[in-house]
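Trainee: Just need the whole structure built from these sequences, with the hints factored in.
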Amino acid sequence: VQLQASGGGLVQPEGSLRLSCEASGSISSFRAMGWYRQAPGEQRELVAIITRGGNTNYADSVKVRFTVSRDGAKNTVYLEMNSLKPEDTAVYYCNALTYFGASYWGKGTLVTVSS
Numbered sequence: 051v052q053l054q055a056s057g058g059g060l061v062q063p064e065g066s067l068r069l070s071c072e073a074s075g076s077i078s079s080f081r082a083m084g085w086y087r088q089a090p091g092e093q094r095e096l097v098a099i100i101t102r103g104g105n106t107n108y109a110d111s112v113k114v115r116f117t118v119s120r121d122g123a124k125n126t127v128y129l130e131m132n133s134l135k136p137e138d139t140a141v142y143y144c145n146a147l148t149y150f151g152a153s154y155w156g157k158g159t160l161v162t163v164s165s
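If you use the numbering used here, the sequence shown corresponds to residues 51 to 165, in order.
Hints are computed from structural coordinates only; laboratory data are not their basis.
There is no bait here: all hints are sound.
With beta-carbon atoms standing in for the labels, derived distance ranges:
| no. | residue 1 | residue 2 | range |
| --- | --- | --- | --- |
| 1 | D110 | T162 | 16 to 24 Å |
| 2 | E64 | F150 | 37 to 45 Å |
| 3 | R115 | Q88 | 17 to 25 Å |
| 4 | N132 | L160 | 15 to 23 Å |
| 5 | A109 | L160 | 12 to 20 Å |
| 6 | Y149 | Q62 | 34 to 42 Å |
With a Cα cut of at most 27 Å, we get these calculated BS3-like pairs of lysine-lysine:
| no. | residue 1 | residue 2 |
| --- | --- | --- |
| 7 | K113 | K124 |
| 8 | K157 | K113 |
| 9 | K135 | K113 |
| 10 | K157 | K124 |
| 11 | K157 | K135 |
Even glycine gets a Cβ: it sits at the ideal position worked out from N, Cα and C.
Mentor: Right, dumping it as structure tokens:
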């Protein structure tokens, strides 16, 4: 399984970005897919997760501002990020969790929120 994340970049505070994570195979085979982030000097943390059934869960710090979604036809999961804050600056990673407990990670994409 390969996961390719894209869409990061430099954005001003209160701006928006959309991250994409394209899987090499069908995302319907995964129990859940999620986005994590890691800021410099910090541990990796969960940002948002979406199950195969479409249920979602978010970190409190991004609720209302971020939206995770999936497109099975494109084997892609998205993270729509609005009202970005400097503290959202981090490397964002895509993750896929199988029903057997295996976890796959993509290479991260850097999001920098700065004026």
